[in-house]
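*Asks:* Between the sequences and the hints, there should be enough to build the whole structure, so can you do that?
Number of protein chains: 2
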Amino acid sequence: MSETAPIRLFVDTPLPGPGTHGLTGDQAHYVIHVMRRGTGDRLALFNGRDGEWLAEITATAKRAVTLAVTRRTRPQKAEPDVWIAFAPIKKARTDFIAQKVTELGAARLMPVMTRRTVADRVNTARMHANAVEAAEQCERLTVPRVDAPVKLDALLAAWPRDRRLLFCDEDLTGTPILTALMAPKATALPAVTDDGGDAGESASVTTSLTSSVTSSMTSSWGLLIGPEGGFDDTERARIRAVAGAIPVTLGPRLLRADTAALAALAIWQAALGDWAADN
Amino acid sequence: MSETAPIRLFVDTPLPGPGTHGLTGDQAHYVIHVMRRGTGDRLALFNGRDGEWLAEITATAKRAVTLAVTRRTRPQKAEPDVWIAFAPIKKARTDFIAQKVTELGAARLMPVMTRRTVADRVNTARMHANAVEAAEQCERLTVPRVDAPVKLDALLAAWPRDRRLLFCDEDLTGTPILTALMAPKATALPAVTDDGGDAGESASVTTSLTSSVTSSMTSSWGLLIGPEGGFDDTERARIRAVAGAIPVTLGPRLLRADTAALAALAIWQAALGDWAADN
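Here the protein sequences come in this chain order: A and B. In this text, residue positions in the first sequence follow the numbering used here: the first is 7, and each later residue adds one. In this text, residue positions in the second sequence follow the numbering used here: the first is 7, and each later residue adds one.
By construction, these hints were calculated from the structure, which means they are not laboratory data. One should not assume that every hint holds.
No copy is singled out in the list; a pair is fine if it fits within one copy or between any two copies.
Pairs of lysine to any residue, SDA-like flavour, derived with a Cα cap of 25 Å [said to hold, decoys possible]:
(1) 96 x 130
(2) 83 x 145
(3) 97 x 139
(4) 83 x 14
(5) 96 x 138
(6) 157 x 95
(7) 97 x 63
(8) 83 x 178
(9) 83 x 181
(10) 96 x 12
*Replies:* This is how it looks when you write it as structure tokens:
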């Protein structure tokens, strides 16, 4: 048995219990040829629903690995219910956002097209791949959902009424972000764990969030980050008109879009998410 | 006069008042050939001490630009007194840290060599160039100081007694970061604006921080981020033994070193820095 730290792999198949599990294609190639693992080496598997399982390689072929799944090492548990909507930017920075917000625990990535969005097309498969890789490396038990890009108006029209929308506005008229995040907590608004009309919620997320594990979560939030150059005035007025919208400011310096996304999510986690004392 | 948004340039020379100012070398090349500006176009200049000044190009030569500095558009003002010490990582990620922590308002970047630091050499000139570029773009009035790399033991031995050290520990035994940051504020410890024995403080920073503008600043802090793989146990014990050390945790996921640096600094700014309601 190898002394090397186990590789973690996200699999898109059920992990119902001990038994045999097969890897094929790119995952088999990655395990055998990139990570140079072989018979007797251990892996950790997770699928976003069934916790984390220890597995041992029992056989390898050219593009196939056979695993014996032995025992569950971590149970699935509730994760913070925070979405992040952002205007896609050029490729390297969008890769970066996908990786970093996954590490920082975002539940759902929502590319949103605004008037000043310069990205001509959004590669959601690439964003998903970046999210999977980050989830594998950061010990996370889920992979965030990656949405197809939507126009800002569509995002706002479909915004769930019981989900707060933290609007990171470049205009400095918003509330300081931490003040805004602590206010609802202080006034003890009822926690919301059901998105109501949001039929698009991914099956993997809803399945994992049974009522027994969501009880400690604060409530449902989304963060909205603008494009470089900001939202225009019409867009800003529409965002502010959303029922749960809370305009906030991220200080006096002009942040790049990727910096703003990371900063806002980190502060949210520290105040209301699973970095906070009482979550 | 051009309608284009003025370029911001950091200059390392005094800006005592209206008059003539010359640019040479790379900066002249950048203005003329990269940004394609010419006679009549406006620039904004800052040097970290004298505020921001509007200037107009009055003449250009092959590697020289002559400017008429006309009026001060922003006064110099106090900035949060927060340092960030981090183990350098591979080149692209160190570039990224230098850019992002500049945007996020760090006053001083301190590369620190730990037992598990893998970077064989640290290019501080490159870090400074990244910091200058980020400062120019984010509307900041200063460029953070970039230190030469030091060993962890030397950093800790010289740590000012009146400066808190927020130790971002991968071990989950630390206090949740926001709890730790709000505690000293809540208990109203006296604000500290003088580092005492820290003779290495940069002239540009001390010159700008006159007593009249530091009064609103909370106190002096430094954030310490470990290498990928973490500090070893001996190092962790030494850090915790520093008088002002506060070990904190950044949640249950394993963060990359660059993610941890950004997240910790953003949360610090939101709680105690110039993103907070009362600063």
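*Asks:* Now look at each hint and say whether the structure bears it out.
*Replies:* Verification of the hints:
1. Taking the shortest Cα distances, residue 96 and residue 130 sit within 25 Å of each other inside one copy (13 Å), while across copies they are farther apart (27 Å).
2. Taking CA atoms no more than 25 Å apart as the test, residue 83 paired with residue 145 passes inside one copy only; the shortest distance there is 13 Å, against 42 Å between copies.
3. For the identical chains of this complex, residue 97 and residue 139 are neighbours both inside a copy (17 Å) and across copies (21 Å), given an alpha-carbon limit of 25 Å.
4. For a Cα distance limit of 25 Å, the shortest separation of residue 83 from residue 14 inside one copy, 17 Å, qualifies, whereas the shortest one across copies, 48 Å, does not.
5. When the C-alpha separation of residue 96 and residue 138 is checked against a cutoff of 25 Å, the pair qualifies both within a copy, at 20 Å, and between copies, at 22 Å.
6. In this homomeric assembly, residue 157 and residue 95 come within 25 Å of each other (Cα to Cα) only inside a single copy, at 15 Å, whereas the closest approach across copies is 38 Å.
7. When the C-alpha separation of residue 97 and residue 63 is checked against a cutoff of 25 Å, the pair qualifies neither within a copy, at 36 Å, nor between copies, at 35 Å.
8. Proximity of residue 83 to residue 178 under the C-alpha cut-off of 25 Å is restricted to the inter-copy arrangement: shortest distance 17 Å between copies versus 38 Å within a copy.
9. In the homo-oligomer, the alpha carbons of residue 83 and residue 181 lie at most 25 Å apart only across protomers (22 Å), although the nearest pairing inside one protomer, at 33 Å, exceeds that limit.
10. For the homomeric pair residue 96 and residue 12, the shortest alpha-carbon distance between copies (23 Å) is at most 25 Å, but the shortest distance inside one copy (34 Å) is not.
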